Amino acid sequence: GDERSDVILLKFLRARDFKVKDAFTMIKNTVRWRKQFGIEALLDEDLGNQWDKVVFSHGVDREGHPVCYNVFGEFENKDLYQITFSDDDKSLKFLRWRVQFLEKSIRKLDFSPNGISTIVQVNDLRNSPGLTKWELRNATKRALQLFQDNYPEFAAKQVFINVPWWYLAVNRMISPFFTQRTKSKFVFAGPSKTAETLFKYVAPEQVPVQYGGLSREGEQEFSTEDPVTEVAIKPATKHTVEFPISEPSLLVWELRVVGWDVSYGAEFLPSAEGGYTVIVQKTRKLGPADEPVISNSYSVGEAGKIVLTIDNQSSKKKKILLYRSKTKPISD
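Residue numbers for the sequence shown follow UniProt numbering, so the first one is 1 and each next one is one higher.
Just so you know, the hints here were simulated from the structure itself, not pulled from any lab data. Please note: incorrect hints may appear among the correct ones.
[Said to hold, decoys possible] With a cut-off of at most 20 Å between alpha-carbon atoms, the simulated DMTMM-like pairs for lysine to aspartate or glutamate come out as follows:
1) 200 to 242
2) 318 to 273
3) 35 to 46
4) 305 to 261
5) 141 to 230
6) 328 to 225
7) 108 to 2
8) 93 to 74
9) 317 to 247
10) 78 to 40
11) 326 to 261
12) 90 to 74
13) 326 to 290
14) 108 to 17
15) 318 to 225
16) 35 to 45
[Unchecked claim] For each label pair, taking beta carbons as the anchor points, the in silico distance ranges come out as:
17) 105 to 235: 17 to 25 Å
18) 110 to 275: 49 to 57 Å
19) 231 to 96: 41 to 49 Å
20) 4 to 92: 28 to 36 Å
It should be emphasised that the depicted structure is a prediction, and the values quoted were computed from it without experimental measurement. Think of the CB as a built atom: it goes at the ideal place given N, C-alpha and C, for glycine as much as any other residue.
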């Protein structure tokens with residue numbers, strides 16, 4: 001066989017702790033299931049786009065694994081809940097869509113021996129309909145079982161974010177049923193630690209804006225290629241960021257403090273003695289309702305530096321500041 005099938009074989013062996021006979025049985029069952037489920041035909045099926053916000057891929061983690069977001073809160077929408085779970089046929093269609101999505105993601109992976117052949121799953125439990133919705137619970141359980149049986153070792157990490165307190169209690173109850181190997185891939189973060197936890201695994205320039213990062217759709221000045229600087233600002237402290245500029249140019253920058261609740265201002269200080277300081281952005285207090293990312297630019301005609309001041313005086317919490325900048329020639 002080729003090296004790629006060795007990599008896949010290894011996943012089944014790992015899932016069965018290298019017990020060859022068990023791994024072989026698992027592979028046989030998977031081959032049978034793929035036939036029954038009609039995987040080859042499923043890839044070309046059009047199952048609609050009603051679930052595009054429930055599960056989507058966005059960017060890569062710090063090691064290059066693709067990141068897939070599973071957004072349980074979307075099912076708060078009663079209509080979406082109805083068309084997904086109101087009868088067995090509907091929930092089977094959703095399951096087929098979810099498998100189709102996974103299959104398409106897997107086909108983009110690299111199964112060469114040193115390739116990236118796993119996916120990071122981010123599970124967002126914000127406003128998740130919870131334990132009362134047994135249809136969702138059953139569908140989730142069924143999907144998990146199916147993935148565990150037929151797609152072993154395809155998850156690099158399972159990151160649970162916006163986790164409500166009760167979920168951790170439930171997880172402690174079900175946790176004895178997972179293997180240690182599976183459990184070691186689980187990471188949990190409550191709402192206040194969500195962005196910080198994501199950034200441990202995924203760089204902020206790759207994290208979607210709704211999860212605390214700087215990556216957003218549409219025409220943007222910066223892309224995921226532009227690295228972001230991340231700084232922790234302690235309570236009751238000020239942080240300044242300096243962008244030195246040696247020749248006339250346009251400086252463009254963007255910044256974000258997750259959840260804001262800080263003051264922000266910017267000024268230009270010329271290098272020349274006796275030069276005047278220019279206020280680029282009057283200091284203002286920013287709160288959670290303000291736009292998540294602030295973009296500014298300033299056309300600089302002489303050498304000097306732009307100084308941003310972020311003041312975390314009023315908050316009792318540590319804040320995470322993200323920023324990046326670039327200079328462009330001044331166009332005539």
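Now the hints, each set against the structure:
With a C-alpha separation of about 25 Å, the suggested pair residue 200 and residue 242 falls outside the 20 Å cut-off, and the hint is violated. Taken as a hint, the residue 318 and residue 273 pair is broken in the structure, with Cα atoms around 37 Å apart against an allowance of 20 Å. Of the pairs offered as hints, the one joining residue 35 and residue 46 holds, with about 19 Å between alpha carbons and a cut-off of 20 Å not exceeded. About 26 Å separates the Cα atoms of residue 305 and residue 261, which puts this hinted pair outside 20 Å; it is violated.
With a C-alpha separation of about 37 Å, the suggested pairing of residue 141 with residue 230 is violated against the 20 Å cut-off. For the suggested pair residue 328 and residue 225, the alpha carbons sit about 16 Å apart, so the restraint of at most 20 Å is met. Restraint check for residue 108 and residue 2: satisfied, since their Cα atoms lie roughly 18 Å apart, inside the 20 Å limit. At roughly 17 Å between alpha-carbon atoms, residue 93 and residue 74 fall within 20 Å of each other, so this suggested pair holds.
The straight-line distance between the Cα atoms of residue 317 and residue 247 is roughly 39 Å, outside the 20 Å bound, and the hint therefore fails. Among the hinted pairs, residue 78 with residue 40 is inconsistent with the structure: their alpha-carbon atoms are about 32 Å apart, more than 20 Å. Restraint check for residue 326 and residue 261: the C-alpha separation of about 26 Å exceeds 20 Å, so the hint is violated. The straight-line distance between the Cα atoms of residue 90 and residue 74 is roughly 17 Å, inside the 20 Å bound, and the hint therefore holds.
Proposed proximity of residue 326 and residue 290 is contradicted: the alpha carbons are some 24 Å apart, above 20 Å. A C-alpha spacing of about 27 Å is found between residue 108 and residue 17, which places the hinted pair above 20 Å, so the restraint is violated. A C-alpha spacing of about 27 Å is found between residue 318 and residue 225, which places the hinted pair above 20 Å, so the restraint is violated. Note on residue 35 and residue 45: the hinted pairing holds, with a Cα-Cα distance of about 15 Å set against a maximum of 20 Å.
For residue 105 paired with residue 235, a C-beta distance near 41 Å fails the hint of 17 to 25 Å. In this structure, residue 110 and residue 275 meet the distance hint of 49 to 57 Å, their C-beta atoms being roughly 54 Å apart. Residue 231 and residue 96 have their C-beta atoms about 45 Å apart, which keeps the hinted 41 to 49 Å range intact. Restraint check, residue 4 to residue 92: a C-beta distance of roughly 31 Å satisfies the suggested window 28 to 36 Å.
Of the numbered hints stated above, those contradicted by the structure are hints 1, 2, 4, 5, 9, 10, 11, 13, 14, 15 and 17, listed in ascending order.
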